[in-house]
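Visitor: Construct the entire structure; sequences and hints are all you get.
There are 2 protein chains.
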Amino acid sequence: MDHLKRIVILADDEITPSPAKTLTGILRYRSDRVVAVVDNHNAGRDTGEAVGGGLGAGIPIVADIAAAMAFEPDSVLLGTEPTGGILPPSWRPLILEVIGRGLDVINGLHTMLGEDEEFSAAAERSGARIWDVRREPKERYTVELREDGKPVFEIRKHRPGSRTVLAVGTDCGIGKMTTMLEIEREALHRGLAPAFVATGQIGTMITGRGVSIDAIMVDYVAKIIEDEVCAAVEESDLVLVEGQGALNHPRGSGGPLFLMHGSRADSLIMCHDLSRPTIKLLPDHPLPSLERAIEMHAEGASWLWPKGRCPIVGISLITAGLPDDRAREEIAAIEAATGLPATDVVRYGAAPLLDAILAGPTA
Amino acid sequence: MDHLKRIVILADDEITPSPAKTLTGILRYRSDRVVAVVDNHNAGRDTGEAVGGGLGAGIPIVADIAAAMAFEPDSVLLGTEPTGGILPPSWRPLILEVIGRGLDVINGLHTMLGEDEEFSAAAERSGARIWDVRREPKERYTVELREDGKPVFEIRKHRPGSRTVLAVGTDCGIGKMTTMLEIEREALHRGLAPAFVATGQIGTMITGRGVSIDAIMVDYVAKIIEDEVCAAVEESDLVLVEGQGALNHPRGSGGPLFLMHGSRADSLIMCHDLSRPTIKLLPDHPLPSLERAIEMHAEGASWLWPKGRCPIVGISLITAGLPDDRAREEIAAIEAATGLPATDVVRYGAAPLLDAILAGPTA
Chain V
1 MDHLKRIVIL ADDEITPSPA KTLTGILRYR SDRVVAVVDN HNAGRDTGEA VGGGLGAGIP
61 IVADIAAAMA FEPDSVLLGT EPTGGILPPS WRPLILEVIG RGLDVINGLH TMLGEDEEFS
121 AAAERSGARI WDVRREPKER YTVELREDGK PVFEIRKHRP GSRTVLAVGT DCGIGKMTTM
181 LEIEREALHR GLAPAFVATG QIGTMITGRG VSIDAIMVDY VAKIIEDEVC AAVEESDLVL
241 VEGQGALNHP RGSGGPLFLM HGSRADSLIM CHDLSRPTIK LLPDHPLPSL ERAIEMHAEG
301 ASWLWPKGRC PIVGISLITA GLPDDRAREE IAAIEAATGL PATDVVRYGA APLLDAILAG
361 PTA
Chain S
1 MDHLKRIVIL ADDEITPSPA KTLTGILRYR SDRVVAVVDN HNAGRDTGEA VGGGLGAGIP
61 IVADIAAAMA FEPDSVLLGT EPTGGILPPS WRPLILEVIG RGLDVINGLH TMLGEDEEFS
121 AAAERSGARI WDVRREPKER YTVELREDGK PVFEIRKHRP GSRTVLAVGT DCGIGKMTTM
181 LEIEREALHR GLAPAFVATG QIGTMITGRG VSIDAIMVDY VAKIIEDEVC AAVEESDLVL
241 VEGQGALNHP RGSGGPLFLM HGSRADSLIM CHDLSRPTIK LLPDHPLPSL ERAIEMHAEG
301 ASWLWPKGRC PIVGISLITA GLPDDRAREE IAAIEAATGL PATDVVRYGA APLLDAILAG
361 PTA
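Residue numbers (UniProt numbering), protein chains in the order written: chain V, 1 to 363; chain S, 1 to 363.
Treat the hints as calculated values from the structure; they're not laboratory data.
Hints are supplied without guarantee of correctness; some may be wrong.
For chains that are exact copies, the list does not tell them apart, and a pair is met inside one copy or across any two.
[Stated by the list, open to error] Derived BS3-like pairs (lysine-lysine); straight-line CA-CA distance at most 30 angstroms:
{"no.": "1", "residue 1": "Lys21", "residue 2": "Lys150"}
{"no.": "2", "residue 1": "Lys307", "residue 2": "Lys157"}
{"no.": "3", "residue 1": "Lys150", "residue 2": "Lys280"}
{"no.": "4", "residue 1": "Lys157", "residue 2": "Lys280"}
{"no.": "5", "residue 1": "Lys138", "residue 2": "Lys21"}
{"no.": "6", "residue 1": "Lys21", "residue 2": "Lys5"}
Guide: Set out below in structure tokens:
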């Protein structure tokens with residue numbers, strides 16, 4: 001996304017009642033590049049006021065792409081999130097309009113717009129480029145061969161002294177990316193040189209590089225995670241890996257296990273939302289307690305490594321909705337119950353988590 | 001594979017020193033359709049004698065495809081297994097020869113021969129068909145919508161009284177498919193109507209249907225497993241799901257967790273090889289003890305369900321290499337240590353495992 005400086009976020013129906021995570025992620029970390037947000041329900045308002053929490057303050061909300069053109073955009077980011085990540089047919093005319101206006105498209109869906117004949121033909125005519133962020137990395141479905149022609153099959157260890165940290169959580173969409181980006185911010189503030197490894201489409205949009213592990217074939221995912229993380233460990237002493245899924249999610253349990261084992265994390269940060277009783281959209285699936293979630297991750301780590309390797313070293317809580325004093329009380333209570341440092345990284349910063357990571361295990 | 005009656009298995013370098021699992025799987029369950037095996041190292045021998053254990057007795061081994069033509073084949077099954085499942089460039093001329101002779105190709109690699117221009121052009125000329133068994137099921141990367149346009153997101157329960165059983169194991173290639181096919185055979189023998197759900201390319205070749213879960217994108221794999229198993233549960237009271245990977249495999253831990261959770265198994269059969277000290281090809285990764293492996297699977301099940309749901313009810317052992325009396329002693333010792341029935345399904349049949357399944361939990 002580095003070459004795109006004037007982005008319009010398409011967020012129809014994604015601001016109210018609660019803002020979608022693509023929108024909030026981009027606003028939180030790349031708002032300097034956003035010139036307008038499109039949402040017909042909130043046109044005329046300021047983004048910071050409509051989204052809440054001041055995110056995107058000063059960025060106007062407009063009713064449609066035509067209105068957004070006044071802000072001289074160079075690109076449109078699809079900020080809408082249909083469950084399953086498949087392009088709804090009703091979006092087609094809108095995307096054709098965007099491409100027809102010569103604007104680049106930043107797309108986080110599983111549907112590859114660049115492989116669609118109509119979209120790619122339109123892009124060729126207008127000169128627009130399509131960035132399909134969640135592309136299946138088929139060029140990496142390869143096997144490295146030794147000199148004798150036999151395949152290399154080796155689990156590489158990380159550089160001694162380096163630290164690889166993975167965010168895990170009790171659900172999807174529970175702050176794993178935000179937690180790692182806030183820890184990165186805190187580390188940069190302290191003069192460290194962290195490396196952030198994006199493993200989802202939003203993290204990739206924000207940082208301009210990464211691979212969406214949910215778009216990788218099961219047979220290759222562990223190896224590709226290993227490669228991403230090993231490359232980062234060569235460059236940095238502090239590698240921050242964005243997490244995905246949850247071990248207790250009925251549709252999303254394998255991904256985080258691949259991530260934990262493939263990233264060879266030295267420590268974990270546990271993410272949790274104090275106001276969420278169940279898995280999102282699955283009211284029959286209550287979230288585990290934090291104590292239980294910590295235990296589950298210790299179990300999963302022990303399947304591959306000696307007990308105690310890859311511990312949870314800190315807790316990242318979403319306390320949104322609680323007044324400041326109540327939030328601080330909850331955080332203190334959780335610290336007392338678990339014996340681990342806890343914080344809400346958005347409200348109170350990530351310093352306690354970075355402290356815990358730096359006091360924690362290395363490779 | 002139902003339409004193919006006269007198959008040649010291409011097994012160059014795959015018989016000695018130890019036969020590959022595609023070869024042994026096809027020979028064990030579909031040898032009635034195999035007319036010849038190609039292996040230049042063992043040409044002239046009988047397959048049953050070269051492979052050992054009498055598998056494929058009476059099937060001749062020939063030096064090349066030209067020699068195999070004497071047996072009037074209708075198809076060639078690629079029985080060679082390069083690590084990673086990618087087509088080695090050196091195979092290209094051989095596959096072109098097969099296609100050029102008008103023989104259908106049965107391919108279990110990740111490489112899709114049918115999407116290769118040279119192969120598909122050759123097939124068009126000769127009339128050969130290419131069956132890419134391990135095809136990524138992209139047509140199933142969809143989202144079901146409700147009448148109001150919102151996506152369906154629901155974890156279906158199984159029909160009460162039905163039994164879904166999944167094979168798990170301490171490594172890849174440790175008898176999970178064979179165990180379930182032997183349990184199926186035993187169930188058929190007893191007049192039951194089991195349904196076998198293939199989750200890998202060899203199981204799919206043998207049974208003619210199934211989906212290779214290692215060729216599915218991470219984001220869709222749990223849902224596709226759910227769909228496969230739910231369809232089988234509608235048809236049968238006894239659903240036998242082929243397993244994949246191992247929770248303790250550094251590259252293969254996520255798949256079996258997706259399978260356990262997605263299949264909503266009521267019980268598990270644990271597969272283990274008494275002569276294997278470590279993960280195959282990874283000498284630094286010792287296999288867990290059976291007791292530890294049982295504990296690990298109980299942990300993984302408890303992440304989603306109440307403790308005790310989805311128990312291991314029996315143990316399937318590979319005792320190859322041990323004389324009969326030693327094998328029986330080992331089996332008895334393991335039964336005593338674990339309190340679970342155990343058997344070597346190939347040597348002693350699957351009856352104790354089926355007994356345990358039928359005495360075990362239902363949905």
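Visitor: Taking the hints in turn, state whether each one holds.
Guide: These are the hints, each one checked on the structure:
no. : hint             : result
1   : Lys21 to Lys150  : between (44 angstroms within a copy, 18 angstroms between copies)
2   : Lys307 to Lys157 : within (18 angstroms within a copy, 35 angstroms between copies)
3   : Lys150 to Lys280 : between (45 angstroms within a copy, 15 angstroms between copies)
4   : Lys157 to Lys280 : between (36 angstroms within a copy, 18 angstroms between copies)
5   : Lys138 to Lys21  : both (27 angstroms within a copy, 26 angstroms between copies)
6   : Lys21 to Lys5    : within (21 angstroms within a copy, 54 angstroms between copies)
Hint check: no violations occur; every hint is consistent with the structure.
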